[in-house]
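Q: If you want the building blocks of each chain, they are given just below.
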Amino acid sequence: MSTSSLGSGSGRSARAGRRAGVGVTRPGLVWAVPATVFFLLFALLPLVLVAVLSFTSWDGVGAPTFNGLDNWTKLLHDPVMTQSIWLTLVLTVAGVVVQTPVSILLGVWAAGHQRNRAVLSAVFFIPLLLSATAISVVWRAILDPNFGVPSQMQWLFGDGNLMGSQSGAIAVLTFVGMWQWTPMHALLYQGGARAVPQVLYQAAAIDGAGKVRQFLHITLPQLRNTMITSVILMLVGGLTTFDTVLILTQGGPGTDTTNSAYYMYQQAFKSFDFGSGSAIALVLVVVATLISLAVVRLSGYDKMRGTTEGL
Amino acid sequence: MKRRAFAVALGLSLATVGVTACSSGSTAAGGSNTIHVLVYGDASNKVEKQIVETFNKTSKVKVVLDTIPGADYQSKLNTVINTPQAPDIFFNWGGGSIQPYVKADLLLPLDDMIASDPGLKSNFLPAVFNTAVIDGKSYGIPMRGTQPVLLFNNKKVLADAGLSVPKTWDELLNAVTVLKGKGVTPFALGGGDQWPTLMWYEYVFDRVAGPDLFQKALSGDKTAWESPESKKALGMLKQLVDAGAFGSNFDSVKFTDGGSPALLAKGKAAFELMGSWGYATQQDANPDFAKNDLGYSNFPSVSGGKGDPADVVGNTNNFYSVLKKTKHPKEAAEFLKLMYSDEFVKAQLAIGNLPTTTNTEQFLDTSASPEYSKYQYNLVKAAPSFQLSWDQAYPPAATTPIHTAVQQFFNGKLDVDGFIKAMQALPAS
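So the sequences go chain by chain: A and B.
Residue numbers in the first sequence follow full-length UniProt numbering, run continuously in steps of one, and reach 311 at the last position.
Residue numbers in the second sequence follow full-length UniProt numbering, run continuously in steps of one, and reach 429 at the last position.
Pulled out of the complex, with its shape left as it was, chain B reads as follows:
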């Protein structure tokens, strides 16, 4: 018996040693001649690995790629960013997602790098590049692909109802009436996920008031939410919900479990407002539908609205940001230059991502689905404004209150004044 107790004690001390060894392990790995790049772990890592290999071939300072899989990325990044294990360069969504780090003075403004190599700015589409500009300073270089929100449609359902793709809000309202008469839900909506509902607000607010209203609200001017434009946009959304445009059970439907994409693919709904990944989702789940009947367009215009009908909303792109305390800012700049190289663009296009560099255009024919890539690219290039999703533009603390208010306004639990109050109570950026 005594021997067993000893074994237990030994095991315990070993475990403790193991824990300490683990926590100090990654520091030891961060030697003086390496740059650690932290990215969201998914299929796109293929390209990131390739770029790292290319860089390491010529550079003395080697890049080490670290990945954190899936939805844990943000919370794990948050845990390490102010510790010795922090990466030198890391993946993010720009806007509010890096704001807490900028505030904590952890990030390196990239303006000096850009001054010595203007290409780090001029080679990217401006609407996208500006998402990572905070307080007039640049904190990110675009990487991966852009994800504008598009109005997807089922061509067959539209043809059967004798409708064409709506170009104006009135045509959209008319489509609702016609489709409901045919027993089809006009718009598939994954309300259970909450963020798909938010996309409707982003577009209607932009079309009615233009991008400035939201920027005003984001910068802390709470009167923006109670302006006539804001009230008008909310009134239009309310009218749409009350007209039954989304059916009655959207709160029980999700995009993430394939619910709302199936509604569109099976012809139970005519449209779905969704990020550009909606195309890949359909290709994956309903390949025949994606090939033959999946249509897409920009959000309709609103007559009398201040917003440019060419504006888009969505996730502008992902970004690489650099930490202030990196020992190799020069090499980091060299690494970031690869983000507008031909090799990077070709590799991203090959896996279905749409990079936002000016040279992307030359390689669009090599993409997985050229027609769709070209449509998206031209849309983003021509957009006077690319509004980053509200839940990304605000700092993380605002995400839950935004989602809750958005859902409650759609299902009638909040009225216009209640919604305005909820948005005014958001933590300021």
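Next comes chain A alone, as it looks inside the complex:
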């Protein structure tokens, strides 16, 4: 993946260099120094430290003592860990499946020229401005089984025990995630939809294609790259979902919504078992890397194919 993207990058800067009248064809390595230093200091170094910690027993007091593979063997036989990975994947997939169609429809709609569009878009994008904590607190109050919406709609919610079962709690987390993140992805799709050349629609209209066919055969294919970007963001977000779990369900009932990120926090900062916490963190890093590599490969994102070929 790196060759082609680097190639296009150096091509662009070569052109820029020529315009500025300097005979450089590659960006000097010096320019990479600040970013590299930051990356080493704040990304790689902590990662290495976490890897080392995962082979120690440390309660945060005193010095860590090496305990070999203890944390890892414990993790392998820990049902909560297995469940937490499974839960993380469920929450991630559910997030992508639920958010994508809504974001596309909302984004494409917001890219149009309807009346009141600007005002309504502004309203739809409000959740984007709120912190996850505020959102979780508000939804907790709305979903209160005795004083919130469920108590008024018992035909739908029964006794309102939404967060008392695993399926219910997962549904709530997915829904709140959708409410929180759809606006951001809609914004991406709005930008993507605006970039679709109008000539395509004009040609289709002449050929007699209706709105639905135009959407299916022009808008959607043209949004392919946007979609990949958006899905990758959703995957990363889904894998690291933490704040909503912390506030809405606290990983409960029992351990029913303890996803990997929350489990890591619990082990490290509530049980003061930094060794186990670090091991979980590493598992999360590996899983996330594998997934994003797979997406990049499978989607052809690495080829950076444009959508305006032939125009």
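Just to be clear, a hint being listed does not mean it is correct.
Straight-line Cα separation of at most 25 Å, DSS-like style, residue types lysine-lysine; simulated pairs [said to hold, decoys possible]:
#1 K270/A <-> K222/B
#2 K337/B <-> K270/A
#3 K306/B <-> K291/B
#4 K222/B <-> K74/A
#5 K74/A <-> K421/B
#6 K156/B <-> K327/B
#7 K374/B <-> K291/B
#8 K103/B <-> K270/A
#9 K346/B <-> K374/B
#10 K270/A <-> K413/B
#11 K337/B <-> K62/B
#12 K306/B <-> K381/B
#13 K182/B <-> K266/B
#14 K121/B <-> K374/B
#15 K121/B <-> K346/B
#16 K381/B <-> K346/B
#17 K103/B <-> K74/A
#18 K137/B <-> K381/B
#19 K137/B <-> K121/B
#20 K74/A <-> K291/B
#21 K121/B <-> K337/B
#22 K266/B <-> K180/B
#23 K182/B <-> K156/B
#24 K291/B <-> K266/B
#25 K121/B <-> K327/B
#26 K167/B <-> K268/B
#27 K180/B <-> K270/A
For the record, the hints were derived by calculation from the structure and aren't laboratory data.
Note that this is a predicted model, so its numbers are computed, not measured.
Let chain A serve as the given structure and place chain B on it in line with the hints.
A: Same frame as chain A, now just chain B:
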């Protein structure tokens, strides 16, 4: 462009310098003539500041008060305690909360201080003082106020149902039947928070088996959990849950967001088992209810149970512990003496805390709500045993497994044997 890169590089090096400066800053502040006292940052700091001022007026060695706001306290304390930035004296919950530090040999046993001033022990209620005794040595002096767990009730709901406050377990079961017939949830329970559920275990286990059973379990004897008393207590809890005493949606209700207090205040539930702060919570959220209809009592007795019906559970108090490496143990002892002074007691009472010193009694009339303060004080004073909350008595590593097991037993995911197994798997203290 080049100039900008330079600026970036400069900025970066400045940032790095800034980071290092920050981390060394507090060490520099810890000069040789000061004692650093670290406390949980909240409304009670008002009193702590006042006491520090009083101390500094006469002392050559000055006390500096540092606060860490909110729920971050424990993790931040854990981060600094074994570094040069560690405080000399710090706030804690006694019991398991300081055990890791005792084990790491960071804390000063206070027995020598007590030997030269017996008042440091004799001026405090014994049930409370003993919470910070580990392996026979004292590691903490009580500060702030005690927080026993009480059975709060809605007087109006009880009157409407023709019930009186239950004094025995059978009366409590009867109340469940009557209240359910009236369409009222007998007990409000913030099961989503998990710790309110734990309070039920603490009381039922104490009433059935007495305080020794839990002490046995805490000291590492895992057979305590599979004893007949333990099984009996679990059976009683199961019976209560199955009878619908808590309704069916308690797992979606929280105390912390005002859910379960509202159930009690609005008459949708008749009782709530809650720490003594439940009173202040109601005063704040539902002042009319707190004034007119909020009742409170001790947990009912269990016939045939080994536990004394006067026993209480909850948070006994907060404590000041002293670090071994403090340069001023003498002055620290002088500072700790202020924790049983009249000034301290009056100031705590004025902000609604209930100190656990023997002289508290004389000033109870000056408290924010004298009747409630007197009730609590007499309850704690008369209690043969004050069981510290299980999640505080065990070291921090056990908190999550306890909460999980407690919640899963209540909502039916664990049976009696599953719960016993979970408790036996707790990290030993």
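Q: Run every hint past the structure and note whether it holds.
A: Results of checking the hints against the structure:
1. Taking the CA atoms of K270/A and K222/B, the gap is about 23 Å. The hint holds against a cut of 25 Å.
2. For the suggested pair K337/B and K270/A, the alpha carbons sit about 33 Å apart, so the restraint of at most 25 Å is broken.
3. Pair hint K306/B plus K291/B does not hold up; C-alpha atoms about 36 Å apart against a cutoff of 25 Å.
4. Distance restraint check for K222/B and K74/A: the Cα-Cα separation of roughly 21 Å lies within the 25 Å cut-off, and the hinted pair is therefore satisfied.
5. Only pairs whose Cα atoms come within 25 Å are accepted, and K74/A paired with K421/B is accepted, the gap being roughly 17 Å.
6. A distance of roughly 58 Å separates the Cα atoms of K156/B and K327/B; the hinted pair therefore is violated under the 25 Å criterion.
7. This hinted pair checks out: K374/B and K291/B have alpha carbons roughly 16 Å apart, not beyond 25 Å.
8. Distance check on the hinted pair: K103/B and K270/A sit about 19 Å apart at the alpha-carbon level, within 25 Å; holds.
9. For the hint linking K346/B to K374/B, the alpha-carbon distance of about 14 Å falls within 25 Å, and the restraint holds.
10. Restraint check for K270/A and K413/B: satisfied, since their Cα atoms lie roughly 23 Å apart, inside the 25 Å limit.
11. A distance of roughly 15 Å separates the Cα atoms of K337/B and K62/B; the hinted pair therefore holds under the 25 Å criterion.
12. For the hint linking K306/B to K381/B, the alpha-carbon distance of about 20 Å falls within 25 Å, and the restraint holds.
13. For the hint linking K182/B to K266/B, the alpha-carbon distance of about 15 Å falls within 25 Å, and the restraint holds.
14. About 22 Å separates the Cα atoms of K121/B and K374/B, which keeps this hinted pair within 25 Å; it holds.
15. Note on K121/B and K346/B: the hinted pairing holds, with a Cα-Cα distance of about 20 Å set against a maximum of 25 Å.
16. At roughly 18 Å between alpha-carbon atoms, K381/B and K346/B fall within 25 Å of each other, so this suggested pair holds.
17. Our distance criterion of 25 Å between C-alpha atoms is met by K103/B and K74/A, whose separation comes to about 24 Å.
18. Proximity of K137/B to K381/B is assessed by CA-CA distance (about 22 Å); at most 25 Å being required, the pair is judged to hold.
19. Between K137/B and K121/B the alpha-carbon distance is near 12 Å, which keeps this suggested pair within the 25 Å criterion.
20. Distance check on the hinted pair: K74/A and K291/B sit about 53 Å apart at the alpha-carbon level, beyond 25 Å; violated.
21. The hinted pair formed by K121/B and K337/B meets the criterion: a straight-line CA distance of about 10 Å does not exceed 25 Å.
22. Distance hint between K266/B and K180/B is fulfilled; the C-alpha atoms sit about 16 Å from each other, no more than 25 Å.
23. Of the pairs offered as hints, the one joining K182/B and K156/B holds, with about 13 Å between alpha carbons and a cut-off of 25 Å not exceeded.
24. Proposed proximity of K291/B and K266/B is supported: the alpha carbons are some 14 Å apart, at most 25 Å.
25. In summary, the hint linking K121/B to K327/B is supported, as the alpha carbons are separated by about 23 Å, within the 25 Å threshold.
26. Distance restraint check for K167/B and K268/B: the Cα-Cα separation of roughly 22 Å lies within the 25 Å cut-off, and the hinted pair is therefore satisfied.
27. Between K180/B and K270/A the alpha-carbon distance is near 38 Å, which puts this suggested pair outside the 25 Å criterion.
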